[in-house]
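Asker: Sequence:
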Amino acid sequence: MTLSVFVRQEINYDSPRGGVSVITEKGDITTSYLLIQRARAADSGKYTCNPSNANPKTLVVHHLLSMLGL
2 MTLSVFVRQE INYDSPRGGV SVITEKGDIT TSYLLIQRAR AADSGKYTCN PSNANPKTLV
62 VHHLLSMLGL
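Take the sequence shown: its letters are residues 2 to 71, numbered as in my numbering.
Just so you know, these hints were derived from the structure itself, not from any lab. C-beta atoms are modelled at their ideal positions from N, C-alpha and C, and glycine is treated no differently. Warning: the hint list may mix true and false statements.
Computed beta-carbon distance windows for the label pairs [stated by the list, open to error]:
1) G28 / K58: 16 to 22 Å
2) S16 / L60: 18 to 24 Å
3) L65 / K27: 18 to 24 Å
4) V62 / D29: 24 to 30 Å
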């Protein structure tokens with residue numbers, strides 16, 4: 002599975018920033034969660050999950066505190 006953000010950049014799980022991981026629950030239906038710890042305004046954007054055996058899905062993430070000026 003590939004997770005992409007912003008201009009089709011692949012997420013780097015080994016970046017110095019740290020705190021970005023994917024949690025996958027396998028079963029009859031496999032579900033994956035993107036966990037962004039200590040999220041900040043720069044983490045806002047479009048994220049796409051592109052599994053090899055299904056259609057890609059995109060969602061938009063907003064960092065609410067930065068939107069409120071906090």
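Asker: Are the hints correct? Go through all of them and say.
Answerer: Now the hints, each set against the structure:
1. G28 / K58: 16 to 22 Å: Roughly 18 Å apart at Cβ, these two residues keep to the hinted range, so it holds.
2. S16 / L60: 18 to 24 Å: Hint holds: Cβ distance 21 Å, inside 18 to 24 Å.
3. L65 / K27: 18 to 24 Å: Roughly 31 Å apart at Cβ, these two residues miss the hinted range, so it is violated.
4. V62 / D29: 24 to 30 Å: At 28 Å between Cβs, range holds.
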